[in-house]
Amino acid sequence: MFRVFYASGLALMAIVGLAAQPAFAETPNEILASIQKEASGTAGSQGFSAARGESFFKAKHGGEWSCASCHTDNPAAPGKHAKTGKAIEPLAPSANAERFASPKKVEKWFKRNCNDVLSRVCTPQEKGDVLAYLLAVKK
Amino acid sequence: MSIHKQKTFRVLAVVLLAMGVTLSVAQADDDDRDERYGGRYGEKYGEKHSGKYGGENRGKPVQPAQTNAKFQRECSDCHIAYAPGLLPAESWRKVMAGLDKHFGSDASLDAQDNKEITAFLVNNASNRWSASTAPLRISETAWFKRKHDDHEISPAVWKNPLVKSPANCAACHPRAERGDFNEHDIRIPK
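These protein sequence lines map, in sequence, to chains B and G.
Heads up: the first sequence begins at 1218 in my numbering, then just goes up one per residue.
Heads up: the second sequence begins at -14 in my numbering, then just goes up one per residue.
Keep in mind that the hints were calculated from the coordinates and are not lab data.
Fair warning: there could be bad hints in the mix.
A short, non-exhaustive set of chain B residues, derived as facing chain G with CB atoms under 7 angstroms [what the hints assert, rightly or not]: (1) S1286; (2) G1302; (3) K1303; (4) R1329; (5) N1332; (6) D1333; (7) S1336.
Straight-line C-alpha distance at most 20 angstroms; calculated DMTMM-like pairs for lysine to aspartate or glutamate [to be verified]: (8) B:K1328 with G:D62; (9) B:K1303 with G:E59; (10) B:K1325 with G:E125; (11) B:K1321 with G:E125; (12) B:K1300 with G:D95.
Ideal Cβ positions, reconstructed from N, Cα and C, are used throughout, including at glycine.
Please build the complete structure, drawing on both the sequences and the hints.
Here it is in C-alpha cells:
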C-alpha cells in the first residue's frame, strides 16, 4: 500500500516538475530553424547572412532608432533603453544563455522592436539574418 | 514561561505598541498635510470636488499585498512596474487598450496576457480617486504634480541626465519598484 502511494507520488511530482518548465523551452538554433521554415515559404528567400544581419542591426530604417540604439553596437554587452534608460541584458546568446529560448518571447519582441525601428514587422529573412548575426557574436 | 522570558515579552510588547503609535501618528501627519494642500490645489484648478488634489488622489496602499507575476514580468522590461494604486481604474483600462502605441513605443501583448494584467491593475487601482479624469501618465496627475512641484524639486533636477523623465521614479525613490515612495529615503541624483 505504502509503496503504491510512494510510486504514484513520485509520478505526480515528475508531472508537476515537467509542467513547471517553460512550455516551449528551445535553443537559439531551433528558433533559427523555425524562422528558416517561415522564410522558405516567402518569395526571393535566400540563406541567412550574419553580415547582412549586422548592417541591418546597426542601421536606422527611417526612424529615430536602430536596433543598436538600445542593444548597443556590441550585442554581447549590456544595453540601455534609449528612452527610459533602463538596463537591458546582452542580446547575444554567447553572453546571455536566456536569449532565444522562448519562441513566444522572441516573437513578441521582434514585433515590438521592428515596429519601433521600421514602423512595420520584420520579414522572416530580416529576422533570420539578425539571429545569424547574434549567433556569430562572440563574448 | 520563565520570569526572564516573560519580562522580555513584556518589553517587546511595549516596544511594538510604541512603534504602532508612532506609525499611525506619521500617517495622520501625511494625510493632514495632504488635506491642507489638497484644498488649495483643488481651488487653484477651479474644481469643486471634495477630496484631496481635486479628487485626483493616489490610492492607499499604492502596492497591493499580493502582486501578479505576469504584471511584474511584462511591465518591467522598459521601466519599473508602476504600482497599480498610482492611477485610477479608468486610466489603467486606457493604458492597456493602447499598448501598441505606448508613449512612442510598441508594448503590445497577446490578448490573454493583456486581459489578466488589466484585471489586476483595475482591481488594485487608486481607491481614493474621485475625479472623473483618467490621465494616461502618473506624472500628469494632480497628486503627482503637487508632490513634485517647484517648491519640492528645483527645475534643474529634471534636466539632470540621471533623472531624464518624471516617469523615472527609481532615480529618486530607491524602492519605487516595490511601491515604496516613503519621503524619508528619497535620494535626488546630484
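Each hint, compared with the structure:
The beta carbon of B:S1286 comes no nearer than 12 angstroms to any beta carbon in chain G, farther than 7 angstroms, and the hint placing it at the interface is violated. Hint status for B:G1302: holds, given a least beta-carbon distance of 5 angstroms to chain G, under 7 angstroms. For B:K1303, the suggested interface contact is upheld, since its CB lies about 6 angstroms from the closest CB of chain G, less than 7 angstroms. Interface hint status for B:R1329: upheld, as the beta-carbon distance to the closest one in chain G is roughly 4 angstroms, under 7 angstroms.
About 4 angstroms separates the beta-carbon of B:N1332 from the nearest beta-carbon of chain G, less than 7 angstroms, and the hint is met. The restraint placing B:D1333 at the interface with chain G holds, with a minimum CB-CB distance near 6 angstroms, inside the 7 angstroms limit. Because the smallest distance between the Cβ of B:S1336 and any Cβ of chain G comes to about 10 angstroms, over 7 angstroms, the interface hint for this residue is violated. With a C-alpha separation of about 15 angstroms, the suggested pair B:K1328 and G:D62 falls inside the 20 angstroms cut-off, and the hint holds.
Distance restraint check for B:K1303 and G:E59: the Cα-Cα separation of roughly 14 angstroms lies within the 20 angstroms cut-off, and the hinted pair is therefore satisfied. Of the supplied pair hints, the one linking B:K1325 and G:E125 is violated, its CA atoms being roughly 29 angstroms apart against a limit of 20 angstroms. With a CA separation close to 34 angstroms, the supplied pair B:K1321 and G:E125 exceeds the 20 angstroms bound. Distance check on the hinted pair: B:K1300 and G:D95 sit about 23 angstroms apart at the alpha-carbon level, beyond 20 angstroms; violated.
In summary, the structure is inconsistent with hints 1, 7, 10, 11, 12 from the numbered list given earlier, while agreeing with the others.
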